[in-house]
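Enquirer: Spelled out from the first residue to the last, the chains are:
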Amino acid sequence: MADDALFGIHGTALALRSQRMAMLASNIANAATPGFKARDIDFAKALDSASQTGSVDRAVDGHVQYRVPVQASADGNTVELATEQTQFAENAIAYKATLNFLQGRISTVMQALKGE
Amino acid sequence: MSAPLSVFQISGRAMSAQLVRLNTVASNLANAGTVATTKEGAYRALKPVFTQVSDTPGVSTVKVDQVVQSNTEPTKRYDPNNPLADKDGNVWDAGVDGAAELVDMIETQRQYQNNVQVMQTAKTLTLDTLRLGQ
Numbered sequence: 002m003a004d005d006a007l008f009g010i011h012g013t014a015l016a017l018r019s020q021r022m023a024m025l026a027s028n029i030a031n032a033a034t035p036g037f038k039a040r041d042i043d044f045a046k047a048l049d050s051a052s053q054t055g056s057v058d059r060a061v062d063g064h065v066q067y068r069v070p071v072q073a074s075a076d077g078n079t080v081e082l083a084t085e086q087t088q089f090a091e092n093a094i095a096y097k098a099t100l101n102f103l104q105g106r107i108s109t110v111m112q113a114l115k116g117e
Numbered sequence: 287m288s289a290p291l292s293v294f295q296i297s298g299r300a301m302s303a304q305l306v307r308l309n310t311v312a313s314n315l316a317n318a319g320t321v322a323t324t325k326e327g328a329y330r331a332l333k334p335v336f337t338q339v340s341d342t343p344g345v346s347t348v349k350v351d352q353v354v355q356s357n358t359e360p361t362k363r364y365d366p367n368n369p370l371a372d373k374d375g376n377v378w379d380a381g382v383d384g385a386a387e388l389v390d391m392i393e394t395q396r397q398y399q400n401n402v403q404v405m406q407t408a409k410t411l412t413l414d415t416l417r418l419g420q
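Protein chains in written order, with my numbering: chain A, 2 to 117; chain B, 287 to 420.
Treat the hints as calculated values from the structure; they're not laboratory data.
There's no promise every hint is true.
[Said to hold, decoys possible] Distance condition first, Cα-Cα at most 25 Å in a straight line; then the derived SDA-like pairs of lysine to any residue:
hint, chain 1, residue 1, chain 2, residue 2
1, B, LYS409, B, GLN399
2, A, LYS38, A, GLN88
3, A, LYS97, B, THR415
4, B, LYS349, A, GLN86
5, B, LYS409, A, ALA113
6, A, LYS97, A, ILE10
7, A, LYS97, B, LYS349
Since we're looking at a predicted model, the values are computed, not measured.
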């Protein structure tokens, strides 16, 4: 998905936010799985590469990284619920912000079309 | 694998895994007071073993791989008046650590709740996306 004239970077950003949400949901889902390593993407870098190459999936694959735990647990699980929930909330708000940007652009175009 | 896991599937399957865990806790607490004549016959706590179910890189959910008996040993207690007592007057109490089970129950509850919240957020955002442009 390359940047388009109307929506700019926001279309790509929305797709990336949605994939990151699934990734953070995976971390929260595996909070009690022994040996599970929490993962996340470097959002800024992934967005950069997605808007250059035009592929969100490849950008996600290329920027998956393991989370470094503050305090490692005995069973090798690196999910820290406080961290994951904070990241999840932040990602949800950013998703909502992107939606608002998109909504703004759509409204602008609608107004122009209606000649109001 | 077919389509990648959606947030709803990820959280939904995690919730069912946590429910299995809650069931084992209930079973353990229900059997905590049982006694047996032999050590082998005594109840031992059941523990679910969680494993991740991977999909595309970075995305995975969880399932209960198996339910195993814990290594909490049944304890011998001298109680000659108990009809189940052996010839030396001993009975075996179930190998259940009540405090640990309660802690497990609260942890299960919190993790279930977290998954519900993830699902709730995902639902709101999906509906917002569908309303885009209206």
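Enquirer: Mind listing which of the numbered hints don't hold for this structure, in increasing order?
Expert: As far as the earlier hints go, 5 and 7 are violated by this structure, in ascending order.
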